[in-house]
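**Q** Given chain A, put chain B in place with the hints provided.
There are 2 protein chains.
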Amino acid sequence: MNEKLILHLKKIFGGNRVLTSRTDRMTYSYDASFATQLDPKEPEVVVIPQSTEEVSACVKLANEYKIPLYPRGAGTGQTGGAVPIKGGIVIDLSKMNRIVEIDHQNMQVIVEPGVVQADLNQALKEYNLRFPPDPGSAKMCTVGGMVSNNSSGLRAVKYGVTRTYVLGLEVVLPTGEVIMTGGEKSKALKSVSGYDLAHLMIGSEGTLGIVTKLRLKILPLPVTRGIVLASFKKLEDAGGAVNATFRSGIQPSAIEIMDVNCMKAANMMKPDLNLPDDNEALLIFEVDGSKDEVTAQVHRLTEVVNEYSVFVKFSDEPLECQTLWEARQIVGAAVGLLNPGGFRVYGGEDICVPISRLPEVLRSIQNIAESYGIICGIYGHVGDGNLHTGPVIKLNNKVEVVNVQKMIDDIHNLAIEMEGTTTAEHGVGLVRAEYMEKEHGPALELMRAIKKTMDPNNILNPGKMALPN
Amino acid sequence: MNEKLILHLKKIFGGNRVLTSRTDRMTYSYDASFATQLDPKEPEVVVIPQSTEEVSACVKLANEYKIPLYPRGAGTGQTGGAVPIKGGIVIDLSKMNRIVEIDHQNMQVIVEPGVVQADLNQALKEYNLRFPPDPGSAKMCTVGGMVSNNSSGLRAVKYGVTRTYVLGLEVVLPTGEVIMTGGEKSKALKSVSGYDLAHLMIGSEGTLGIVTKLRLKILPLPVTRGIVLASFKKLEDAGGAVNATFRSGIQPSAIEIMDVNCMKAANMMKPDLNLPDDNEALLIFEVDGSKDEVTAQVHRLTEVVNEYSVFVKFSDEPLECQTLWEARQIVGAAVGLLNPGGFRVYGGEDICVPISRLPEVLRSIQNIAESYGIICGIYGHVGDGNLHTGPVIKLNNKVEVVNVQKMIDDIHNLAIEMEGTTTAEHGVGLVRAEYMEKEHGPALELMRAIKKTMDPNNILNPGKMALPN
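Which chain is which? The protein sequence lines are A and B, in order.
This note's numbering puts the first residue of the first sequence at 974, with every later residue one more than the last.
This note's numbering puts the first residue of the second sequence at 974, with every later residue one more than the last.
For reference, chain A alone in the conformation it holds in the complex (with noise of 0.2 Å):
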């Protein structure tokens, strides 16, 4: 990158928000997935905007330019979404992390891109009120990402996903001008005015603009909540319960499951939990709502999921609960310990699959991590058809590097064989853009039209998602 952009970036940003040194540049290099951990590529240049006329004039001057400019949030992603590729510039978010309105009388907040989701809920307690949607990342990732890639997470089975609570974007399209979706102005709850573009840049991973303010919606917290564990000799038996259940018009806030290399786990690190991890499956079931619905629903699930268990323990106390909660909540962590001093790799941990196929679908993720010799945990949201798979390798293990790799293809392509998708809430990003053919056929030809009318330039994000390079 020349002298005279790097001036022209200071001058947007002064000097102090512009990074060119080689261990700033290293740590936009990678973000959690496996590829770029082996593979890093760093930026040029490093801004970090303050406001909506920054990111626009930078845009405007890479347009002009025709440099590659990478936006990120908090680099949680698993799939390089936010890896400069092509070098360039990444513009860093996470400062424009401002809580600018919660108007809690209109059920509404207007945030800043780089607002974290823990920090948004925080501030939302004292108004009994939420922003629901919960990725595995909720501590670390922003809003502005969780938008850009339609994440999602454990209680998107009641409350759907991040594009549920997407009112209104303001946007810098690639051309560097602004425009807010949803109205100029609006604090309406529903509309049907036009074409709903913040549902085009939703999931869209940067591709078609970056987002610079979002109005989402909010719920009420939920008063309390149950838990419901219950284990299963097979797999095919958790299915049942799991199709029981939503034929008993019951509801969950998550439907959670563990194979069996996942409870041994989590007894590994809390052997307190003594998980029965002689059994194939274990469902984790939360339901939420006033402390009267919560105990009348935790009765009517047990009496449904004992049909097919052999082992259920359920609790509507708060105390209790959290500790029934908690074989779920270390399993991300724990996984790690079914091969000691190994690394836990992010690569093919997303698929969804129809609710039918996933017994099928978690033995054959089993015998193919076998067949590579890998060891592997498999948990998710079952009741979505979520599955996350946690192969943990010796990273010095050649050959597990490489078998590591060929398991995560042979994952991807099952899915799709499956009547299923690669990924389900981490989006495409580098990792999967090998798929995007497969999965979409002639739809991806639309896709990068679009794109193209978008940004003619393809500066945004550009070597991601099979759109053009």
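One thing to keep in mind: the hints can contain errors.
Chain copies aren't distinguished; within one or between two, either way the pair holds.
[As the list claims (entries may be wrong)] Calculated lysine to any residue pairs in the SDA-like style (CA-CA distance at most 25 Å, straight line):
| # | residue 1 | residue 2 |
| --- | --- | --- |
| 1 | Lys-1186 | Gly-1414 |
| 2 | Lys-1411 | Asp-1076 |
| 3 | Lys-1243 | Glu-1290 |
| 4 | Lys-1098 | Val-1375 |
| 5 | Lys-1286 | Asp-997 |
| 6 | Lys-1039 | Ser-1344 |
| 7 | Lys-1371 | Asn-1252 |
| 8 | Lys-1264 | Leu-1192 |
| 9 | Lys-1379 | Tyr-1100 |
| 10 | Lys-1112 | Asp-1092 |
| 11 | Lys-1237 | Asp-1076 |
| 12 | Lys-984 | Gly-1346 |
| 13 | Lys-1207 | Leu-1292 |
| 14 | Lys-1264 | Glu-1276 |
Rather than coming from a laboratory, the hints here were simulated on the basis of the structure.
**A** What follows is chain B alone, placed relative to chain A:
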């Protein structure tokens, strides 16, 4: 339209499904909007496809000869959205009405666009399932129309709008090409792979493509419901009760408001209702769930509402609930009685404003109506801020015909001034195109650019939504 094209169409559809008689064409010249009832526009020809291939062949022909093509469902729209204002071809999708698959295990259905909402729900009933979005026209409207307008209805406050339930769409693009959104062969319940083109299509009112198949998410039927009916001296008290309900953490499945005129009208139609029409507002809350949950919610809700209201009735008994709910059910028809022999006008009937502005907006609409000497009742989905205004005029009174149109314009402008939108669930179509610029500012240009990219010859539903003419 020349004979050659009619022959082409007959080759595609056979003689019986190409309609050219005056009577047939008249049937397709208007919808439920006042504007098109005053000024209907006939197509040159109507075609009735039975397959995606026929739709595609017809679109290709229209694109080649640059003939306007207007997709139509049941014609229940209130915006002129399906009316052929530039002549050409109307493509009537109501006969593509097969329920292709009810996949209850995977909580989804695959249907053709012409399936009527109520028919789908009738078929789902035996599985104890339902497709939740419930517009007032549920017994007539097609799911294709619901998706094209992103319809909602009474229960959107709990269950969300039509968009929430769309998993994938088969779409014939303006070039005739067929794509499948959300994965070519997917049955996943969640996916973030690629741009979500379904969400661009939803609400695009047939201007970007013709939906020929829909993959829709379904939910369990709630076991039972409860009703709380409360009346308020002042509109502000009703607003306070809605806000207090949200803050209490109760999630009603509907919160409906009726103004004093609506109460009077309902009492005229059903004197047994005996609604307290000396008060300014009536709220009707519905809650749903299991028997225990409903009983708990009804009692809590009654406590909350009681602090604001002068009169409360509640029930969790099905028969009594039916009676209490009747007030809301008949109001659409009852407003006609406010002006005996009058005609219920649809126009300015679908604004949505921030909840906190509702009392002010309700009063303003009443004042606007009075200033033009127009009789109307106001009701709506108050939990979303969505108000339906029902003016009733004498069609042979020229002054009223002119004044009601001025009133409609004032209501639309009021909605935008009050940080709302001109349309919450009915759409833009013909009748709200003039407000698009004011509502969306520079975002409108992006909508136009997308339209141009996808439909370069502007053949699909031209003349609507302030897109290119």
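**Q** So which of the earlier hints does this model not fit?
**A** Violated hints (numbers, rising): 4, 5, 6, 7, 9, 11, 12 and 13; every other hint is consistent with the structure.
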